[in-house]
Amino acid sequence: MLSIGLCDAQDIDFVRDIRPIFVEHCYSCHSASEQESGLRLDLKSAAFRGGDKHGPDIVAGVAAKSPLLGFVNSSDQAKRMPPDYALDAKQIEKLNQWIEQGAVWPDGIDSVREIDRTDHWSFKPIAFSTLGSIDTLIEAKLRENGLTRSPPATPIQWLRRVTYGLTGLPPTLDETDTFTRRLTNNPISETAYAEVVDRLLASPRYGERWAQHWLDVVRFADTHGFEVNTERPNAWPYRDYIIRALNEDTPYDQFIREQLIGDGLGVDPATGFLVTASVLLPGQIGKDAESIRLARQDALDEIVNNIGQTFLGLSIGCARCHDHKFDPVTTIDYYAMQAMVAGVEYDDREWRSEETATKKRRAAMLHDEADVVQRSIDEFAPIARPKSASRMIRSDKHSVDFEKQPAHIVRFEILDANLHSSLGLIEPCIDEFEIYSDRESEGNIALASNGTRVTASGSTESGSHHARFVNDGIVGNESSWMSNAKGYGWLQFELPKEFNITHVAWGRDRTGKFDDRTTTAYRIQFGESTDKMRVVTELLPERPAVDPKRIHDRIPITLTQRLRLTIEATNSLEPCIDEIEVFNQKGKNVALHAAGTKSTTSGDTLVPAVHDPSYVHDGMFGNDRSWLGNENGRGWVQLEFAKPEEIGSIVWSRDRSGSLVDRLPIEYTIEVETPDGWNRVADSTDRRPWRSGMDLGPPFITTTLDPTDARRVNELIKERNRLDAQIKALERDQFVFAGKFRTPDSIHWLNRGDPEQPRDLVKPAVPVFLGSLQLPETSSDQVRRKALADWIADASNVLTARVLVNRVWQGHFGTGLVDTPSDFGRNGSKPMHPELLDTLASNFQREGWSLKRLHREIVLSETYRQSSSIFGREETMKQDADARLLWRFPGRRLDAEEIRDTMLAMTGELRSEMYGRGFDLFDKRGGLSGFQPVETFTSHGMKRTIYAHKIRRERDAIFGAFDCPDAGQSTAKRRESTTPVQALNLFNSTFTLDRAKAFAKRIQVEGGTDLNQQIRVAYNIAMQREPTLIELSTALDVVKIHELEPLCRALFNCNEVIFIP
Amino acid sequence: MTNDSVWNTQSIDLCRRRWLGDSATALGAIALTSLMEGESLQASTPIIPSIDPARPYAPRASHFPAKAKNVVVIFCAGAVSQLETWDYKPELIKWDDKPLPGGPAVTFQGPAGNLARPQYTFQQRGQTGKWVSDMIPHLAELTDDIAFVHSLTSKSNTHGPAENFLSTGFNLDGFPSLGSWATYALGSENQDLPAYVAIPDPRGVPQNGSNNWGPGFLPAAFQGTVLSAKDPIRHLVAKGVARESDEAAKHLLEQMNLQHQLHQVSDSRLTARIASYQLAARMQLSVPDLSDLSTEPPHILRMYGADDTKNGDKAAFARNCILARRLIERGVRFVQLFNGAYASAGRLNWDGHNAIKEQYDIHAEIMDQPAAALIKDLRQRGLLENTLVVWCTEFGRMPFFQKGAKGRDHNPDGFTCWMTGAGVKPGVSHGMTDEFGQKAIENIHPLYHFNATILHLLGLDYERLSVEHNGIQRRLTNVEGKLIREILA
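Quick note, the sequences are listed as chains A and B, same order.
If you count the first sequence from 1, position 688 lands on 771 in the working numbering, and the numbers rise without skipping.
If you count the second sequence from 1, position 465 lands on 473 in the working numbering, and the numbers rise without skipping.
Looking at chain B on its own, in the form it has when it is part of the complex (with noise of 0.2 Å):
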C-alpha cells in the first residue's frame, strides 16, 4: 500500500465538509478566502486606454515598441482542412481507405469513415523545402516568408462558437473582436476612414457574421465597418437629396450646435460630437476614392485575378484584396479580409464535408492568386514591413473521411494558420500534428497562443490590454495567452 490511500480518504471526507458548509466554523468561506496583501500589484495591473471622446481613432502609443502597425487578417470561413494545404501527411497516402486504429466512431457530423490520403499532390517549396499542395500553387511560392503553426487547437468544433473563439478569444456570443481591441488600444494612422474595416467575401458573410468584427462592450467605435469593393459604407451620403439642400441642412446643424455650445462650455461631450460630423465629412470624400480602383494599373489587376472574366467570384475577392492594400496604403489599423461565405454544406465556404476536392477546387481557386498578390503587393510597396499578414481559419478537419462521404468532418484538435511580414520570422514551421495529422502533438498552441502573438506584434501586453465589463477586467486572451516566439524575427 502507498500512503497515497491514507490520506485520499481523510481528504474527501474534508473536502466534502467544506463544500457542503456544514461546518459550524464556516470552514469553506475562509478557506477560499485568502488573498494576498498587494496581490493586485502583483497581478499584471490592467492597461486601459485613455480615449479622447473627440477622437477615438487618433492614433495611441503602443505599450512597448511595436514591429506592425498594421495588420491585415485572411479569414478563411468554414474551416479549411490542414490535410489539404499545409500540414503535408505522406502516412495518408499509405493508409489511405483504411480505418484509423482508435479513432473515433463518431465524429461533429456523424459517423466517421476511413482515413484519407490528402486530396492534392504535395511539393517541397522555395529555400526551406517546405512541403505545400498544389491547391494553391500562388500561395505555395511564399512559404519561405511564411511562419506556420501547425499544432492550433480550438475549444469548439462547432463553426458559431470556434469563430467567435478565434476572433474574440470566446465561445460565446458577445465579446470584443481582435480588430476591435487593436483599434481600442492603438486607434488609427487615417483620421478620414474607419479605423477597422472588415471586408465580406463577395459570396456572402461568414458563418458567424458579425460577431467577428463586433465591439462586444468596447465603445461602438470599434466595430469593424463593413465595406467591399462591391457594397460602400452604409449612409455615407443621402440619397436623393440635392447638394444645396444637404449642404444647407449640414451648414444649420453646425449652427445649432455652436448655439447650444455656448452655453455648455467645455462639456467635451458636445465637442466629441461636433467633431464626429466634421470627420463624417471628410469619411464621405475620401471613401469614394479609396473604392475607385479604376485608378490601379492593368498588371495590378492581373497580378490579382481582379481581370479574370471567367470567374466572377475571384475577381470579386482579388478585387477586396485590392481593397485592403488600398487600407492599409492609408494607414488603416486593422483590416479582416474574408474569404468564405455562411453555412452553405460546403458550397458557398470551406465546410468540406461532402466531396472536399470538388468543393476545394472551386474555393481554392477564387482564394489563392488574390490572396497571394497582396502579399506580394504589399511586399513590393514596402508596406510588408509594417504589416502583419495573417492567415486564419477557425479549426481544421479530420484526416478521415465522413462515413459514406467524401469529406472530412470538424477538427478542433489540430490545424494550422500562419503569419508573414511585420516581426514574423520567415520560413518557419512551428508544433506538429500525429503521422496523421488529426491532434497536434507538439508545442501545443490553442488559439490564445495565435491571438496573444498577434497583439504582441503590434506592441501590445495581452495580459494587460483590458476593459472592463460586469466587474471583470476583460482579455482578449481571457485568463489564458502565450507568446509563441518561435516565429517572432
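So that you can see chain A by itself, here it is in the shape it has in the complex (with noise of 0.2 Å):
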C-alpha cells in the first residue's frame, strides 16, 4: 500500500535523489537501449510522456495519480516494478514525495537529447523545383566536389547500354546498322538517339524486362513455398499482368490502385500482388488452435511488408513486435496497417475478364455435351442387385465346388479385378489354375504334364508371365500368367479328356507376396466343345465405389410415387448431399422442387445459404447447396414425387463440384413404395467397399455387356473423357492466384507480436505520422483496400513518387539516388541528391506518373550518354571509385535473366511469343525439394527468362548463381557478386554447349564458307563491332583446328558480352 507521510517530508531533489533510483533499478529496461512497454526515465520529456499503456507515468503532484508509483508500489506481483524484486520503502517515499512536491526534472540535466523523429528529409512534402534538369542539377553536384563529366561513350556504346537498359537484350545487327547509318546520315544526331529510345519503348521486350525488376521487388514465384513449396498453378497472370500494364504505359497512380483494389476495377490478377510470399497452406497449418493463428499473422504480415516497402519503401513489418527502433511507426501503425488488408486470403479467385468469360461459357456448353454422353453411358450400366453377399476373394488362392459335372472343355473367364493402390485397374494375373475331377487320384488335371491345353484370351508375355506357365504345376509370379487387358481375360482348357469336373482353384499367387491383379468376378462354362458351353457358375462384378461426384444407381423400371435414400454410414461425420435426381422413362428428373416433389429427411442442420434440406432436389449443385443431416453416419432422405412416376435412375452426390470429399455416404439403401409396401431396389451391398484416397476405376464394368455394347460405351467412356478434359484445359484458366477477398477479421494488436497476447482491438488506419486516414472497424474489405490504395497512389503523399522515380534511376544507374530503395525512413540512406530526386518526383507526379516519360527524361540525358571509361580518371577514382556522383556512366554486369536471354538472342533461338503459364526449368513444378534441372530446351523453353516457372527459393541451376533471387524475400536491389561457381555454370553446362553449337550454326549461314567473314559476323552479333586484327588472328587460329565452337563458348562468356559499358 502507499502510504503517504510515512517520513517527515523533505525537499527532494531529484539528481541527488530521484535519477540514482531511476539509473539502478529502472534503466536497464526503461532508457536509450530498451523502452519495455515504450517507457524510458532518462529523458525528462519522456519520462513524462509515459509508455503505451498507461498515458503519463508521472502526474507532478498526484502521487496517487501517477502510474509510476502504482507500478513500484503494487500489490500484484505480476505488475509491481521492477520485475524481479520490490524498491524499498525508504526509495519507494523518496518517488512519492517527489512527485507530491510537483516532480522537479530540472531542464537541462539529461545526458541525452530528444530528436523528432518525424523530423526526416523523406516525411516532408516533395519540393517543387522547376529549376534544373538531371544533367544541370548533376552538373552542379559534380562541382560543388570540383569534378567534371566525362565524355559521351560512343554511339555504339550508348546503344548496347540503351537497348539493355530498356529491354534487357542486345541490339540485333539491324538495330545497330540502322543506328549506325542514321548517325552518318544525319547530322541532328539528337532524333536518331530519342528515335532508338522510341522504338525500345514502343517494344513489348521493354515490359519484360521492368516487370522483372517489379517481380524482384515483390517476391513473385509460381510455387507456396515453405516446406512443401506446392505449385501455384494460378500465380503467372499477375506476371502477365505486369508486363501488360508497363508496355501500355499504366500510369503509376492506376497501377498501385490496381494492385490494390483490381478486383474492383476489372483487372482481377493485378491484385495477385497482396499474395506474391510464401505462406503455408492450410495442409501445412499445424491443427492446434496456436499454429493456425500465427499462421494468419505471418500472412497478414507478408501482405503489410509487401506494401510498406514495395510502395512506401518503409519497413512497417519492424513494427510487428515492437516499435520501429528508427521510424516513427508505432505498434499500433502496424496492426492498423494489419486491419487495413485483413479480408485477404491467399487463394486463387475467379478471373473476370472477356476471354475468361468465353471459356466459360465454351466449358459450359461443354458440360451440357457431357451430360448428355454420360445420360448415353448411364443406359448401360449394371442394374443394382441389393442385398448382395459380401465376397471373400483371396489372392493367394480361391477355389469352387461344384455338383459333379462333365466337361472336356473348362472356360474360365474374368469379369473383374481390383483396383491397384495407384494404378487403378490393371491386368489380371493367375499363377496356377487347377481343376479336378471326382477322382482324386487322378490329382490336378489342368497340368499341361496330363495333356491338357490352355489358351487364354491374350497374354501380357515376359519371362515372369505365359499363358504356359498357368498350368507348369509352378506357383508364385514369377511363374503365371498376365492377361493383356484391364480387368478382363479367359483361359479355356482342353482337358485330354471328358471328366466329371467337382472343383477348381486358382490364385493370383499362392506365395502370398502379391495381392494386387486379382481377379475379384469370373464367370465358368464347362462343355463338350467350344461351340457346347454352358454356364455353371459365375460371380458377377461389383459396382464402383460411391463417389463424392456423382453416384448413379440404376433399378428396374418400377411405378412409385415415393422414394427413399437412407444414409447407414459416411466417411465421417452426418451425411451431406448436394442433389438427388431421379429420372424417369423419358429421361427427365421429377425429383425436383420445382416439378412439385416434396421431401422430408430424417432431421437437418441448417446453416442459411448452404445447408437446408430443400437444397437436396433444388437442381444446384455444389456444397454450398446441400443437405447436411443431423446425425453423425446416418439419416434419410426422402422425396414424393407430384404423381406416380415410371422411375429407372437415380444419381446423387456428396459434392458434384468435386472439392469436397467428406461427409460422404459410403453405405445406403434406396427404397421405393410399391402397391406391396416399400421395396429395396439398390444399396450399396454390390459395390466396391470405399477407402480413403482410392482411385474409383471406370464408372462401371463392360466385361458382362455383349460385345457390341461393349464397345459402344467404351467409345462413349472415351468421348467423356475427352470432353472433360477439354472442360479442365478451359476452367484451368478460370482462376487466378490473386488474393480471395472476405469478411476483415478484428485486428487486436498484440504484445510482442505474439498471436496468443492479443491486446485491444485496432481499427484500420494508416500510420499516423503519414497521415490521418482511418476507417470505422465495420468497413468492408474493398473499402479499407481502395481507401488504403487512393492515399498511396495520391499526388500529396511524400514517399510514393520518391520511392518509385528512386527505383528507375537505379535500374538506370545500378544505384538509386538513395541507395536504399526500400528504405527511405531514418535507417536509409539519406539521397545523393534530394534535389533532383524531388525534380524527378514532381515531375513524374505532373506528367501523369507515366513511366516511359520518366525513362526517356532519364536516358536521353547527356548524363547517361557520358562514357564509362576510367581511363586517365585515376585521380577521380579514388575520390568516388562508386562513380555515385555520376561523373562517369556505371558500367554493370548482366543480370541473370539477361545472360541467358543474350545467348538466345546471339543464336537466334530466343522466342517472341509472350505471356502464358511458365515453362519449366526443373523436372517438376512445385512440390517437396530435390528438383532436376531441364538440360535441354526447345520450344517454349526458349521463350525470355521471366516466362520461366519459378519456384521459390530454388534457383536456376545455371544462372541463379548470378544472384538472381529466390524469391525469398523482397529484393529491391540486387547483388552482383562474382563465383567460380558462375564460372562453371557459364562455361560448362549443357545449356551453354547447346548454345555454343546453335550459335556456330547461326554464324555459317550469315558468314558463309570464309573463316575470317565468320568469325567477324559472330563478332558482330556479340559486340557490335568488328575484330580487331589481333582478334581475328587469335580467334582464326583456333576455329581453323577446333571449328567454331570454342569461339562461342568464349563469347558467351567474355567480360565484354557480359558487362554493359
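Worth flagging that the hints you see were computed from the coordinates, not collected in a lab.
Some clues are possibly wrong.
So, partial list: chain A residues that the calculated Cβ filter (under 8 Å) puts toward chain B [said to hold, decoys possible]: (1) SER361; (2) PRO365; (3) SER374; (4) GLY1013; (5) GLN1015; (6) ASP1046; (7) GLN1052; (8) ASN1068; (9) CYS1137.
List time: in silico DSS-like cross-link candidates among lysine-lysine, alpha-carbon distance up to 27 Å [stated by the list, open to error]: (10) LYS247/B with LYS1123/A; (11) LYS148/A with LYS162/A; (12) LYS596/A with LYS318/B; (13) LYS370/A with LYS365/B; (14) LYS913/A with LYS961/A; (15) LYS442/A with LYS823/A.
Glycine included, C-beta positions come from ideal geometry on N, C-alpha and C.
Please assemble the complex out of the two chains, which come individually in their own frames, going by the hints.
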C-alpha cells in the first residue's frame, strides 16, 4: 500500500535522490537501449509522456494518480516494478514525495537529447522545383565536388547500354546498322538517339525487362514456398499483368490502385500483388489453434511488408513486435495497416475478363454435351443388385466346388479385378489354375503334363508371365499368366478327355507376396466342345465405389410416387448430399422441387444459404446448396413426386463440384414405395468398398455386356473423357492466384507480436505520422483496400513518387539516388541529390505518372550518355570510386535473366511469344525438394527467362548463381557477386554447349564459308563491333583446328559481352 | 482497492487517444519519436565484412580470437525425438499409457493420445554417467566430450518454418543460412574448393530443401555448394567436349578478357571475373581429388560403416561423413551434413508420427555409427581441436503418442541439440525439460542462443555481424540472441 507521509517531508532533489533510483533500478529496461512498454526514464520529456499503455507516468503533484508510483508499489506481483524485486520503502517514499512536491526535473541535466523522428527528409513534402534538368543538377553537384562529367560514350556503347537498360537484350545487327547509318546520314544526331529510345519503349521487350525489376521487389514466384513448396498454378497472370501494364504505360497511380483493388477495377490478376509471398497452406499448418493463429499472422504480415516496402519504401514490418527502432512507426500503426488488409486470403479467385468469360461459356456448353454423353453411358450401367452377399476373394487361393459335372472344355473368364492402389484397374494375373475331378487319384488334371492344352484371350508376356505358366505346376508370380486387358481375360482348358469335374481352384500368387491383379469377378463355363458351352457358375462384377462427385443407381423400371434414400454410414460426420436426381423413362428429372416434388428428412443441420433440406432437389450443385443431416453417420431423405412416375435411374452426390469428399455416404439403401409396401431397389452391398484416397476405376465394368454394347460404351467413355479434358483446360484459366476477399478479421494489437497475447482492437488506419486516414472497424474489405490505395496513390503522399523514381533511376544507373531503395526511413541512406530526386518525383506526378516519360528523361540525358571509361581518371576514382556522383556512367554486369536471354538472342533462338503459363526449368513445377534441372530446352523453353515457371527458393541451376533472387524475401536491389560457380555454370553447362552449337550454325549461315567472315559475324552479333586484327587472328587459330564452338563458348563468357559499358 | 485501477482507467483512455491519432497535437507521432542523441553509437555498431570481389573466399579475420576455425553441422531433418535419444525421462515409464494431466487435446497433427515411455532402453555412459538410449550406441560412447543443451525452443512447430528458424534465424523463407553467415564473415582457408558445402542425405534433400543452405540476401558466393559422395558438383566439366577443344575455348576466353581489360584499367569487377575462371579451373582439379574415396584405407571405411554391404543407405551416409572429414582436412570453412530427407511420413527422415520405434530403428542405424566415426576420426587426426561439430534438429517431439498411433507429434517447446569439439566444454548437460520432457523449464534457450554460440565460437560477434537489407541491418539472430556460456570451455 502506498503510505503517504510515512517519513517527514523533506526537500527532494531530483539529481541527488531520484535519478540514482532510476539508474539503478529502471534504466536497464527503460532507457536508451531498451524502452519496455515504450517508457524511458532517462529523458525528461519522455518520462513525463509515459509508457505505451499508461499515459503520463508521472502526474506532478499527485502521487496517487501517477502510474510510476502505482507500479513500484503494486500489490500485484505481475504488475509490480521492477519485476524481480520490490524497491525498499525508503526509495518508494522518496519517489512519492518527489511527485507530491511537483516532480521537479530540472531542464538541461539529461545526458541525452530528444530528436523528433518525424523530422526526416522523406516525410516532408516533395519540393517542387523547375530549376533544373537532370544534367544541370548533376553538373552542379559535380562542380561542388570539383569534378567534371566524362565525355560521351561511343554511339554503339550508348546503343548497347540503352537497349539493355530498357529491354534487357542486346541490339540486333539490324538495329546497330540502322542507328549507325542514321548517325552518318543525319547531322542532327539527337533525333537518331530519340528514335532509338522511342523504338525501345514501344517494344514489348520493354515491359518484359522492367517487369522483372518489379517482380524482384514483390518476390513473385509460381510456388507457395516453405517445406512443401507446392505449385501455385494460377500465379502467372499477375506476372503477365505487370508486363502488360508497363507496356501500356499505365499511369503509376493507377498501377498502384489496380494492384490493391484490381478486383474493383476489372483487373483481377493485378491483385496478385497482395499474395506474392510464401505462405503455409491449410494442410501444412498445425491442427492446434496456436499454429493456426500464428500462420494467419505471418500471412498478413507479409502483405503489410509488401505494401510498406514496395510502395512506401518503409520497413513497417519492423513494428510487429515493438515500436520501430528508427522510424516513427508504432506497433499500433503496424496493426492498423494489418487491419487494412485483414480481409485478404491467399487463394485463387475467379478471374473475370472477356477472355475468361468466353472460356467459361464454352466450358458450360461442353458440360451440357458431357451430360448427354453421360446419360447414354448410364443406360448401359448394370442394374443394382441389392442385398448382395459380401464377397471374400483371396489373392493366394480361391476355389469353387460343384455338383459333379462332365466337361471336356473348361473356360474361366475373368470379369473384374481389384484396383491397384496407384494404377487403378490393371491386367489380372493367375499363377496357377487347377481342375479336379471326382477321382481324387487323378490329381490336378489341368496340368500340361497331363496333356491339357491351355489357350488365353491374350497375354502380357515376359520372363515371368506366359499362358503356359498357368498350368505348369509352379506357383508364384515368377511363373504366372498375365492378361493383356485391364480387368479382363479368359483361359480355356482343353482336357485330354471328358472328366466329371467337382472343383476348380486358382490363385494370383500362392506365395502370398502379391495381392494386386486379383480376380474379383468371373464366369466359369463347361462344355463338351467350344461351341457347346454352358455357364456353371458366375460372380458378377461389383459396381464402382461411391464417388463424392456422382453416384448412379440404375434400377428396374418401377412405378412409384415415393422414394427414400437411407444412409447407414458415412466416411465422416453427418451425411451431406448436394443433389438427388430421379429420372423417369423419358429421361426427365422428376425429383426437382420445381416439378412439385416434396422432400422430408430424418433431421437437418441448418446453415443459412448453405445447408437446407430443400436444397437436396433444387437443381443446384455444390456444398453451398446441400442438405446436411444432424446425426453422425446416418440419416434419410424421402422424396414424394407430384404423381406416380415410372422411374429407372437415380443420380445423387455429395458435392458435384468435386471439392469436398467428407460426409460422404458410403453405405446406403434406396427404397421405393409400391403397392406391396417399401421395396429395396438399390444399395451399396454390390459396390466396391470405399477407401480414403482410392482410385475409383471405370464408371462400371463392361465385361458382362455383349461385345457391341461394350464397344459402344467404351467409345462413349472415351468421348466423355475427351470432353472432360477440354472442360478442364477451359476451366483451368478461370482462376487467378490473386487473393480471395472476405469479411476482414478483427485485428487486435499483439503484445510482442505474439498471437497468444491479443490486446485492444485496432481500427484500419495508415501510420499516424504519415496521414490521418482511419476507417471504422465495420468497413468492408474492399472499402479498406480502396482507401489504402487512394491514400498511397495520392499526389500528396510524400513517399510514393520518390520511391518509384528512385527505383527507375537505380534500374538505369545501378544505384539509386537513395541507395536503400526500399527504405526511405531514418535508417536508410540520405539521397545523393535531394533536389534531383524531388525534381524527378514532382515532374513524374505532374506528367501523369508516366513511367515511359520518366525513362525518356533519364536515358536521353547527357549524364546517361557519358562514357563509363576510367581511363585517365585515376584521381577521380580515388575520390568517388563507385561514381555515385555520376562523373561517369557506372557500367554493370548483366543479370541472370539478361545473360540467358542474350545467349538465346545471339543464337537467334529466342522466341518472341509472350505471356502464359511458365516453361519449366526443373523436372517438376513445385513440391518437396529435390528438383532436377531441365538441361535441354526446346519451344517454350526458348522464351525470355521472365516466362520461366519460377520455383521459390530453387535458384535456376545455371543462372541462379548470378545473384538471381529466390523470391524468399523482397529484393530491391540485386547484388553483383562473382563466384567460381558462375564460371563453371556458364562455361560447362549443357545449356551453354547447346547454345554454342546453335550459335556456330547461325554464324555459318550468315558468314558463309569464309572463316574470317564467320568470325566477323560472331563479333558483330556478340559485341556490335568488328574484331581487331589481333582478335581475328587469335580466333582464326582456334577455329581452324577446333571449329567454331570454342569461339562461341568464349564469347558467351567474355567480359565484353557480360558487362554493359 | 489498489491504486492500479485508478491509473488503468485513465491510461486506457490515453492509450486509445494516442493510437487513434485523433489528438490535435499528434501526440502519437511525437510520443514515439524520441531518439537519443548518440543512440546508434550506444547500440552495437554493425560489422560488415569487406570482401574482395576477386577473392570472395579469401580468409578474413574473426572479430576476436576464435576457438573454432571450421564447423561441421550434422543436421537431422524431420525433428528427432529428444525422448528416444538424449533426454532421459524415467517418469514416462511410470506414466506409460496414461493421459498427461492438463496436457493439450490437440497438437500439430491432431488429437493427443496417452503418455508413452521412451521406446528404447537407456543406460548411463562414460565418466559423466550421462543417460543415453541404446538407439545410438556409437554416439553414446562420446558423451564425455559432448555439451548437451536440453532446453532449446523453436518458434514454429511446422517443419518448413522451423528448419528455416534453425538454419537462418527466421521462420520465413529467404534469409541467409548459418553457413552463409560464417563464410561471408570468414571466407575459407581453401581457395580451390567452395567455402561452404552442403551434403544432402543419400535418401534425398531435407524437408526445407535449399533454404537450409541458401545465401538469402548475402552475395551468391556464400551459398552452400551441394556436393555429396554420390553426386559431384554440377557443371564441373563440359560433358562431351574434347579436352583440346575445351582448352582452346579457355585460352580464347582468357585472350578476349585480357584484350578487353586493356581499355578498362583497374575495374575490379573485371579482374574478379577473370579470377573466378582461374578459381573454377582449380576447382576442376581439386574436387575430383576430394571426392575420390578410393584412397581411404579399409579400416577407415569399416570405422564409418562405409563398407556395410547390407545397408546401402548407411554406407552412403558413411561416405558422406568421410567426405565431410576430407573437406575439413582441406580447410573448407563450413560443412553441413544432412541426415534425413524430405517429408515422407517419417519413412525417410526423423518425423516419427506413426510408428516411431520402427522408423527410428532404421534412421538410427544409418546415422549413429558414421556420425560417431566422423567425430572420432576428426579427433584422432587432431582436427577436432579447431573444428566445431554441431548435432541439431529443428524441434523435438511430444511425450505422448498421437491418438491411434505409435508415434509422437511435433514439439517446439523443449528439445535437445549438442556440440562437441573446438571451444566446447566436454561432458556438460545444460538446461532441463519438465519431468515428461515436454517443455523446457530451466535455462530456456530459443535456437537464437544456439546459433549465437556457434558464431561466438568462430570468433564472431553475433550482435554485430550484419548485412544491410532493405534498410535493416540484418543479423543471424535477429534482435535476439544470447550466449550459452555454460557450454563454452
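Going through the hints against the structure:
1. SER361: holds, 4 Å
2. PRO365: At 12 Å from the nearest chain B Cβ, PRO365/A fails the 8 Å test, so the hint is violated.
3. SER374: holds, 6 Å
4. GLY1013: With a closest approach of 5 Å, the GLY1013/A hint holds.
5. GLN1015: With a minimum Cβ separation of about 10 Å from chain B (threshold 8 Å), the hint on GLN1015/A is violated.
6. ASP1046: holds, 5 Å
7. GLN1052: With a minimum Cβ separation of about 4 Å from chain B (threshold 8 Å), the hint on GLN1052/A holds.
8. ASN1068: Where the cut-off is 8 Å and the nearest Cβ of chain B is about 5 Å from ASN1068/A, the hint holds.
9. CYS1137: holds, 4 Å
10. LYS247/B with LYS1123/A: OK: LYS247/B and LYS1123/A at ~22 Å, within 27 Å.
11. LYS148/A with LYS162/A: Holds: LYS148/A and LYS162/A sit about 16 Å apart, inside 27 Å.
12. LYS596/A with LYS318/B: holds, 22 Å
13. LYS370/A with LYS365/B: With a Cα-Cα distance of about 24 Å, the restraint between LYS370/A and LYS365/B holds, given a limit of 27 Å.
14. LYS913/A with LYS961/A: Satisfied, since the Cα-Cα distance of roughly 22 Å is no more than 27 Å.
15. LYS442/A with LYS823/A: holds, 21 Å
This entry does not satisfy hints 2, 5, going by the numbered hints stated previously.
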